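**Q** Residues per chain are reported as follows:
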Amino acid sequence: MARNIIMVYSETELFALMEEMPAFPHSGFRILQITNDINCPPKELVKVIEQDPIVTMHLLKLVNSEHFGLAKKITSIKQAVVFLGINTMKNLALGIAPMELLTGAKSFPWSLTSILRHSLTTAIIARKLARDLGYTETQATDCYVAGLLHDFGKVALFKLFPGRYEALLKQSENQGIPLSELEVREIAITHTAIGKLLGQRWQLPELLIHSMGGHHDSNLCATSPFLICVYTANLIADRMHRGAMYKQSAGSSLPAAMLQCLGKDLDALIASIGLIADEIDRALLLTTIREDGSMAASITHS
Amino acid sequence: MKLTFRGVRGSIAVPGPKTLRYGGNTTCLEVRGDQGELIILDAGTGLYQLALTLFGELPVEAHLFLTHTHWDHIQGLPFFIPSFIPGNTVHIYGAFDPVDHKDIRQILSRQFEYCYFPVREAELKATITYTTLKERQVVQAGGVTVSNIIMNHPVLNFGYRLECNGRSMFFTGDHEQLYNIYPPGEEDWAEYQLYVNEKNKSITDFMHGVDLLVADTSYTIQDYPQKKGWGHSTFDANIDMARAAEVKALYFTHHEPVRSDDDLERVFQEALSRKKVAQYGPPCFLAREGLTVDV
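Line by line, the protein sequences are chains A and B. Residue numbers for the first sequence follow my numbering, so the first one is 18 and each next one is one higher. Residue numbers for the second sequence follow my numbering, so the first one is -9 and each next one is one higher.
Note that these hints are calculated values from the structure, not bench results. Errors might be hidden in some of the hints.
[What the hints assert, rightly or not] A few chain A positions that, by computed beta-carbon distances, are all more than 10 angstroms from chain B:
(1) 102
(2) 184
(3) 197
(4) 204
(5) 213
(6) 284
[Said to hold, decoys possible] Okay, the calculated beta carbon distance ranges per label pair:
(7) A/29 to B/49: 40 to 48 angstroms
(8) A/57 to B/92: 20 to 28 angstroms
(9) A/292 to B/176: 18 to 26 angstroms
(10) A/180 to B/176: 28 to 36 angstroms
(11) A/201 to B/176: 29 to 37 angstroms
(12) A/89 to B/275: 32 to 40 angstroms
(13) B/120 to A/189: 45 to 53 angstroms
What you are looking at is a predicted structure, and each value in this text was computed from that prediction instead of being measured. Backbone N, C-alpha and C fix where the C-beta goes; we use that ideal spot for every residue, glycine too.
Only chain B is shown next, with the shape it has when bound in the complex (with noise of 0.2 angstroms):
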């Protein structure tokens, strides 16, 4: 497999001087299988990018997996080219919500109507399927094969595993590391602290032993005290969460927007010195826009 990132960003995208080398759109990855199938982790402003590139290949059949519907991993999605273009097919999956009760089809075209967009869900050209995932449901796309586990977050968000003759991947998505609501020494605390280590395990074994783990990385540990609860994690936590998982390489991504390139640098170098990486690895990356990796 080869990934590409489209766009490494989280929340918002900030285009400008400061955000030149790492770049300034939403999340998007690129992934392509062995016999150049199309799969792509989300749909940020990344996406855009992506799709001027794609012109050379059409009739395009892309696979969208989506871990979840928060604008700046959906902003993208209306400009996806290839949407508009017959012949093109897109299969595009995610979660359901389990609180209004909608499909991803449904969560989706909200997106496409009148007061957002001019162009109606209905009228694009392109042959659009939708899959509502269940957890651990498993998709095969060509050669390449996807699966799914809950991560932790604001709202369900799906962290997924990409496999592809013998070589693997995992993007968790937005992912907050599970913490316990109780402070130690409350009756609830240890009851609780045996769901949240369950819950770790489960997900540091799903992606156990991956060629390449793509993280959220929105906080350095200063800035988590003021943004726990938020749905994010830290350069710590993610090397943490690497190392138990034992994967191979870890690239850190969702960059804080108000995050210059020169403080990305800064706080990564402080987290790889604080938490000895060059010692117990495993090795680590930034992630940035245009980047290509093999897998």
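Next comes chain A alone, as it looks inside the complex (with noise of 0.2 angstroms):
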């Protein structure tokens, strides 16, 4: 799969655009203000960057690089703050921010600003399964992770294939093919080869190589509870998408062994999200950009 991308980019190339990407312009705008307030409480810092998959990418490839040769992954940005310190963090995701925020967004992508609200909701539904089969507050927290970078291939993507991919979305949405398909025939390489290749590139935690690359492999994720917990998030907060909240039946889609783990079919999980609505609600609120470019009025307020 490397090789068919590699046709168009070289590896080099590949990575340092990788690294360039810069963070989404709702969390980059706030990433911004907090970093010019020398008394924001870290713990501000910290919720913005827990919501920004690409941020949260960063932060994480950082801490767990070869850099500082950690005998145990980092697998949350809590952790990363403690191990790193959170001035060292504020400079990192200051790094990050996109600097032409400052005078006012450029028009953002919508799918990127889909690709966003659905990692965020696929993250707070991993994190309650998980917390709804009895895991620690820790391992919950990595499901989260798990469930915010799972489709960061598609970002990536978004970043080498800038136009065309929004139109393959699109149109997976609009003529319901699926994704991957699109994406072998169009540019050869799908998100999630993408996401596996540049989870193993950067050592990444192994539950997040998986998520990234392996999250519409049922048998794969069926090997862990994490990754049932983040296969599952993804299901359910796709359905949200579709206009299906809280109501449609997903029919038996879930595999035998997850529906043994989570001890509930689809419906039933579907049913208790209801209980964390307005939790997804206001994370999504935060990602509201305005037609003209500029954050929502909550954000800057909150």
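Combine both chains into one complex, guided by the hints.
**A** Structure representation (structure tokens):
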């Protein structure tokens, strides 16, 4: 798979492009606000980072890089803050915030915002499923991060094929053609393949590599309760996006092993997600970008 | 090993009548291994005082370990005279800069740029080597084994553990006790506290049982609430850390620049009494410029 994309980009170009990927505008904007205020509570910065897959990815990539040579992988932003210190995290985050935001954001692709919203929704649901299964808060956070980053491959393909990938996403949505089919046909690589490639290259924790590379692979996901949470959350978030929120029966689309692990069928799980609907709505509100490119008022006062 | 404090002041050098007894130079520790190996911890203005003592033992081979590269820990470096003399060797070790992706040589070479200093780094006559350390990377400097762990400061800061013939010491560099960024009762408090406890334990495990701990003690507990997050510890927190790590003796350093000798002794005595050090230990001392102690 990697060979295909290297036909368009050299490996060096590919990873260089990934390095310079800026944060999503809403979080970039908040990071700039926060870092300008010397008295801003560190937890505000953590909150913003935890809701942005790109900033999260940059920071996890760095702390897990060979510079640190850690025996144990760092899997969440809070862990990274304790490990590196809040000021280092703040300066790293500032470096990722797109500076053009200071002069007003340019138009931002609708589909990229849509990926962000889906990622956040998946993250929050994955965390809830983990909590419901009785996992520790640390493990639930790991599931949150795995959910937030599962579609990072799509963000990467957006960067690599600007315009073209947006068209693919729209085509998939409008015509009901599976995205991976279109990806293989049009750009010769799937978002899961590039997700896996990047995860391995950046020496991310195994859960994240599997989540980015295998979130559509039910056999792989059935091997780990954490991946089951991500797989299921992705499915539910997808249905929510398609307007079936809290209502439509999902049928028997979860494999038996997963149903057994979760102890509930998809209908019951979807019903339980209704309990955290407010939490999801609040998170998604923060991603709102007005047509003129400015942020929603709620962000500046959050 | 023998340890000599060459600079014990934090933040900025403060020479003057009020700092005569403890000294005004910024951080620099000279450690001698049992075979006379020269290990230097940090290159604050105290490094110049050390440099003046080295002319009798040329050629010099020095191993300089930087905890971090804030000004008060590197300001003496351009004035480390052995660097200008052919035949000397200076091995410099330190952390990389994760924000600007610079290794230790790139970070330090800026000090020698045209607008900051008249001599270029390339013109130094001694053999200078640079090693950008990873966390817990072990360096053998003659008979002295030096290892490191990342502490808590607003820049990547290594604490160093030195061992030689069964004796050991640890220097924190600049370090603030870790704290929870969430108030108790908030949803994220418990999870964050778990990581804080884990990190604190990894630090106390790393320095466990050392014969001598030298710790950044900039603040009193009265100072601290206004200085929280600035990256420095208190007398009380360091006594707690020393007890948790079961160290044999604790030296307080990185004295606040505004603290006169009299004030320093007063707040030191208050902390000893508050923490019942006479009863529960460990033996505590104020680091003083020029003081040599056996490790």
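**Q** Evaluate each hint against the coordinates.
**A** Against the structure, the hints come out as follows:
no.	hint	in the structure
1	102	violated, 5 angstroms
2	184	holds, 35 angstroms
3	197	holds, 35 angstroms
4	204	holds, 30 angstroms
5	213	holds, 25 angstroms
6	284	holds, 28 angstroms
7	A/29 to B/49: 40 to 48 angstroms	holds, 43 angstroms
8	A/57 to B/92: 20 to 28 angstroms	holds, 26 angstroms
9	A/292 to B/176: 18 to 26 angstroms	holds, 20 angstroms
10	A/180 to B/176: 28 to 36 angstroms	violated, 43 angstroms
11	A/201 to B/176: 29 to 37 angstroms	violated, 46 angstroms
12	A/89 to B/275: 32 to 40 angstroms	holds, 36 angstroms
13	B/120 to A/189: 45 to 53 angstroms	holds, 51 angstroms
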